[in-house]
Each structure stands twice: as structure tokens, then as C-alpha cells.
Amino acid sequence: MTRRKLEENFFRVLMLLSITIVAGSFFLIVGTIFIKGVPFMNLDMITKIPGGGFYIGKEGGVLNAIIGSLYVAGGATILGLLISIPVAIYINMYLGSRNVIANSLRIAFDVLFGIPSIVYGAFGFLIMVYFGIKASLLGGIVAVTLLVIPILVRTLDEVILTVPKELRDASLALGATRWEMSKVVLRQIRPGIFTAILLSFGRAIGDVASVLFTAGFSDNIPTSLHQPAATLPLAIFFQLGSPVEEVQGRAYASALILTIVVLIITVLSSWLAKRFSKNKIQ
Amino acid sequence: MLLLTILSVSVVIVIGIGLYYKSVPVLDNSSWWHLLTSSEWKPMKGLFGFFPFIMGTLWVTGIAIIIALPLCLLSSFYITEYAPQRVRKILVPFVNLLSGIPPVIFGVWGVLFIIPLIQKHIAPHFVEFSTGYSVLAGGIVLAVMIFPLIVSIVCEVLNTIPKELKEASLSLGATKWETIRKVYLRKAKPGIIAATVLAISRAFGETIAVLMVCGNNADVPHSVFDSGYPLPALIANNYGEMLSIPMYDSALMFAALLLFVIILLFNIISRVILARLERKLAA
Numbered sequence: 001m002t003r004r005k006l007e008e009n010f011f012r013v014l015m016l017l018s019i020t021i022v023a024g025s026f027f028l029i030v031g032t033i034f035i036k037g038v039p040f041m042n043l044d045m046i047t048k049i050p051g052g053g054f055y056i057g058k059e060g061g062v063l064n065a066i067i068g069s070l071y072v073a074g075g076a077t078i079l080g081l082l083i084s085i086p087v088a089i090y091i092n093m094y095l096g097s098r099n100v101i102a103n104s105l106r107i108a109f110d111v112l113f114g115i116p117s118i119v120y121g122a123f124g125f126l127i128m129v130y131f132g133i134k135a136s137l138l139g140g141i142v143a144v145t146l147l148v149i150p151i152l153v154r155t156l157d158e159v160i161l162t163v164p165k166e167l168r169d170a171s172l173a174l175g176a177t178r179w180e181m182s183k184v185v186l187r188q189i190r191p192g193i194f195t196a197i198l199l200s201f202g203r204a205i206g207d208v209a210s211v212l213f214t215a216g217f218s219d220n221i222p223t224s225l226h227q228p229a230a231t232l233p234l235a236i237f238f239q240l241g242s243p244v245e246e247v248q249g250r251a252y253a254s255a256l257i258l259t260i261v262v263l264i265i266t267v268l269s270s271w272l273a274k275r276f277s278k279n280k281i282q
Numbered sequence: 001m002l003l004l005t006i007l008s009v010s011v012v013i014v015i016g017i018g019l020y021y022k023s024v025p026v027l028d029n030s031s032w033w034h035l036l037t038s039s040e041w042k043p044m045k046g047l048f049g050f051f052p053f054i055m056g057t058l059w060v061t062g063i064a065i066i067i068a069l070p071l072c073l074l075s076s077f078y079i080t081e082y083a084p085q086r087v088r089k090i091l092v093p094f095v096n097l098l099s100g101i102p103p104v105i106f107g108v109w110g111v112l113f114i115i116p117l118i119q120k121h122i123a124p125h126f127v128e129f130s131t132g133y134s135v136l137a138g139g140i141v142l143a144v145m146i147f148p149l150i151v152s153i154v155c156e157v158l159n160t161i162p163k164e165l166k167e168a169s170l171s172l173g174a175t176k177w178e179t180i181r182k183v184y185l186r187k188a189k190p191g192i193i194a195a196t197v198l199a200i201s202r203a204f205g206e207t208i209a210v211l212m213v214c215g216n217n218a219d220v221p222h223s224v225f226d227s228g229y230p231l232p233a234l235i236a237n238n239y240g241e242m243l244s245i246p247m248y249d250s251a252l253m254f255a256a257l258l259l260f261v262i263i264l265l266f267n268i269i270s271r272v273i274l275a276r277l278e279r280k281l282a283a
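Those sequence lines, one after another, are chains A and B.
Numbering-wise, my numbering puts 126 at position 126 of the first sequence, and it's gapless, one number per residue.
Numbering-wise, my numbering puts 8 at position 8 of the second sequence, and it's gapless, one number per residue.
None of these hints come from the bench; they were simulated from the model.
Keep in mind that a hint or two might mislead.
To be verified - Heads up, simulated DMTMM-like pairs for lysine to aspartate or glutamate below, C-alpha to C-alpha not over 20 Å straight-line:
| id | chain 1 | residue 1 | chain 2 | residue 2 |
| --- | --- | --- | --- | --- |
| 1 | B | LYS187 | B | GLU167 |
| 2 | B | LYS182 | A | GLU7 |
| 3 | B | LYS176 | A | GLU8 |
| 4 | B | LYS182 | A | GLU8 |
| 5 | B | LYS280 | A | GLU158 |
| 6 | B | LYS163 | B | GLU178 |
| 7 | B | LYS176 | A | GLU7 |
| 8 | A | LYS5 | B | GLU178 |
| 9 | B | LYS166 | A | GLU7 |
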């Protein structure tokens, strides 16, 4: 075997090895969480709020955190959608998809996407101090909304770009205004909007750093926007820091819950995206 | 709609101004240079030296990139060039799934898997004792977190390289690897750099996962088995007492400002490179 052939084979093996590590790390993580989490999993975990002495290993569950997370992620996604659908439409319909300003705006949203959640958290905290809001569901939703807007805008933008130009031209040629044309396009991208919602929800439900300062923590399920709300990732983080073995076990179980939720969301969104690309008019 | 667009983009500027405004008190107290290079961290006395935290961040980010970059490049080459269609269809979803896992889960995994691994199996070969909570653990966890980011961008960049170039190289008798090394690496260089810069900035700002595995000791780390205290972890860990000690909130906001400025710059650089690549392709 020549040296060149040897080199080729050597790197081929190296590549196989790296792809095994990269793709395998997913199984390693999910496997670890499952193995550690399943023994501590029970119905109480997802149906009860922390009882007395929960943090020294007595009865209770993390329902408060599950509901809190759903509130925060749901609220932020809805609020984010209200802002980002008009933005995505503006970029594509009013500026034109390949406009210089539109492209700069895309870069700007990509940059916003790259800003870490801890900065959004700190900024959200500043706003709250400024307006005199205490750590609450409202604060958490506002901070997480800032976090998901770039995701929503860029996903919606990508989806709108897949709508054939002819469709827009046709509606304009029939005398529709740009706004009416946008409605046609919005109907066309409906499955894409669901993908965007799922992506944003998945990111929002798993993020800690942004809610750390802003949403606070509470053992009760919040009943108004001004009450502090517990979130699942934060509950995991707090419980893991406990010296009590029972409580640590609950952290593993909570991690299992969060992992399952996020995996379902990810699989669902990629399935939707695939279906969407099959259905669209070419 | 115009208003909403302007508003949502100007969030960048508002964040910058807000954080700067809040860090003015600590900046009045000591100079930028002093804040960045002093190692004295005594909030009670009003001494805020960020050097250990900056070094902590640099160590974990450096380790993460050193681990992740070669693995991801080789993986991307495999996915785009070697893998049969069927294998690719299985591999790509797993990389995507990995990107969906929340940071806190990575943290739990780090505590359950990486920490014992370092403590029992890796560290004993090099140092006498390590708890496992170290910059190495942070680096490994971060590396896994940035895998999907690098792989997806590099794969996309590799797919933009014209097929003719590859065919020309292969027809001249080059092996596949030689084609990758001499044609692909050269052609994809800007894209790879952009992906790396983006990954660095992601690793820079990651908070909760590193907070959970790095040990959080306000000393400058000297080896990979020393514990470190990255900037984001500092902010997250101290928000509770932030308002009870004078200047403390201002110092923490300065830390956030620092992160924000560095990451903003890195992001702009890499996004502009990537956008230019895309435009070249479209032309």
C-alpha cells in the first residue's frame, strides 16, 4: 500500500471516529439522564407541588416548575409571535426579499440570536429595576420574549423565502395590496409558523440564564402575572445543588421530564418542517 | 410594522446603553484597564478585579474549541463527502437533536458523567487530586454543546463548493482526502473561520452548564484540572446578593457589558463573512 493510500485510510478512520463521538454524544447525554432519572421518577413528581419539607427529601413534586415553565415559554412565544410575524412580513413583503436593508436586518437578527441568554437576563433585570417590577412571571416572560424574537423572525423569514415569487406576483397583479398579498403568503406558510413556534418554545422552556434574575422562584403555581414563577430548568439547578440525596434524585427526574419534553418538541418540529417542504407549491 | 422592526433591532443598542449606564459607577471608581487586569476580587471592600474570571472564560472556551473543532471538521467532511445518503439521513437528525437539548441538561450530564470521569479516570494520571470540577470539565461540556453549531454551518459551507472543483481534483488522480485537504479546506476557509468565531462566542456566553461543572473558584486557573470561574457564571451566581453590597450590581453589569461587547463583535464578524459567502453563491 502506498503512503497516499495509507493516509487516505488513516483519515477515513479518523473521520468515522469523530462522527461517532459527535453523534454518539447525544446518546450518551440522553442515556445518562434516563438511567439516573428513571429510578426517581414517579407520578407525584408531575402531579404535586412541593409539600412541606420538600427540600429535605419529603413528599411533593415539581408541578409548580412545570406549570411555571409552560407559562413563561408559552407567554413568551405568543408575545414573540405578535412581534415577529409583522417584522418578518415587513422584511420580505415591504422591503423585498433581496433588498440591501433586508439583508442587513437579517444579519442584525442573526447577531441578536447570538447574544447569550445571561445578557438578556441581566438586561431584563435592568428593565424591571427601572420600572419597579419585582421578580415575577411578567419579568420572566419579557426577558424570554427578547430571547426568542430573533429565532422566530429568522425562522419565519426562511419559511417566507420558500414561497414562490409567482404567488406574490399573481396576487399583486390581481390588484391586491401588499397587506393582502401578505395574507396570502401567511396562509401558505402556516405549517412553517408552527415550526417556528415549536423551535421558540423549545428554546424558551430550556433556558435558565434569562429567567434566573427575572422570574424568581416559588413553590406555588402563579395565579397572576405579578407573582414569581418557578421554572423547570431552575428547579433542576437548585435541586442538584442540594446535599440531600433524595432531592438530587428529584433533580435527575426533573431533568428527565425536561429532556423528554424538549425531545418531543424537536422531533415534532423537524417532522413538521419535512411535511411542509413536501406540501409547498414548487 | 416598520416600527416593530426598528424596535426589535434596536434592542441591541438599548442593551448596550442600559448595561453601560449601569456600569458607570464601577468605571468611575477604577479604570477599564484596572478592572480587566486586577485579580483582586473583594466585593465587600469595593475591589473588583475581573482577571481571574476572564482567564476562566478563556480557558474553558479554548479547551472547548480545541476539542470540538477537529472533531467537527472531520465529521462534516464525513457527512458531506463520504457518508452514503442513507447514513447521512440518520446522522443529521441526531446532530440536530443535540442542538435542541437545553443547557441545564448538559450541566446535569456534566455533573453525572464528565465530573466522575475526570475525577476517577483522567486526573489521577496527571495530578495527585482533583475533585473533577475543573476548567477541563467545563471545556468538554461546552465542546459537546457547540458540536451541532459548527457541524451544521461547516456542512452548509461545504455544500456550496462547486462539484466541478472536486471532480477536477479527483480526475487528476488525487485521493478523496487529498481533495479535501487541498481543495475543500482552502475553499471553505472563510466559512470555517466564521463557524469557529460563532462557536467561540457561543461558548463565551454559555452560563448554566459551565456554572455547574467548573468549580467556581475566583483564582486564575493554571492547569486544566484547576477549577475556574467564567464570567457568565459569576453573574448568575451572585445575582442574589447583588443589591445588598454597594457597587456590586454595577460590577456585575460591567461583566455583562463585557460579555455583550465581545460577543457582539464576534457575531458581527462571522455573520458578515457568512452573508458574503451566501451572496457569492447566489450570484
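Hints versus structure:
| no. | hint | verdict |
| --- | --- | --- |
| 1 | B:LYS187 / B:GLU167 | 14 Å, holds |
| 2 | B:LYS182 / A:GLU7 | 14 Å, holds |
| 3 | B:LYS176 / A:GLU8 | 7 Å, holds |
| 4 | B:LYS182 / A:GLU8 | 13 Å, holds |
| 5 | B:LYS280 / A:GLU158 | 18 Å, holds |
| 6 | B:LYS163 / B:GLU178 | 15 Å, holds |
| 7 | B:LYS176 / A:GLU7 | 10 Å, holds |
| 8 | A:LYS5 / B:GLU178 | 10 Å, holds |
| 9 | B:LYS166 / A:GLU7 | 18 Å, holds |
Going down the numbered hints, you'll see the structure goes against none, and every one checks out.
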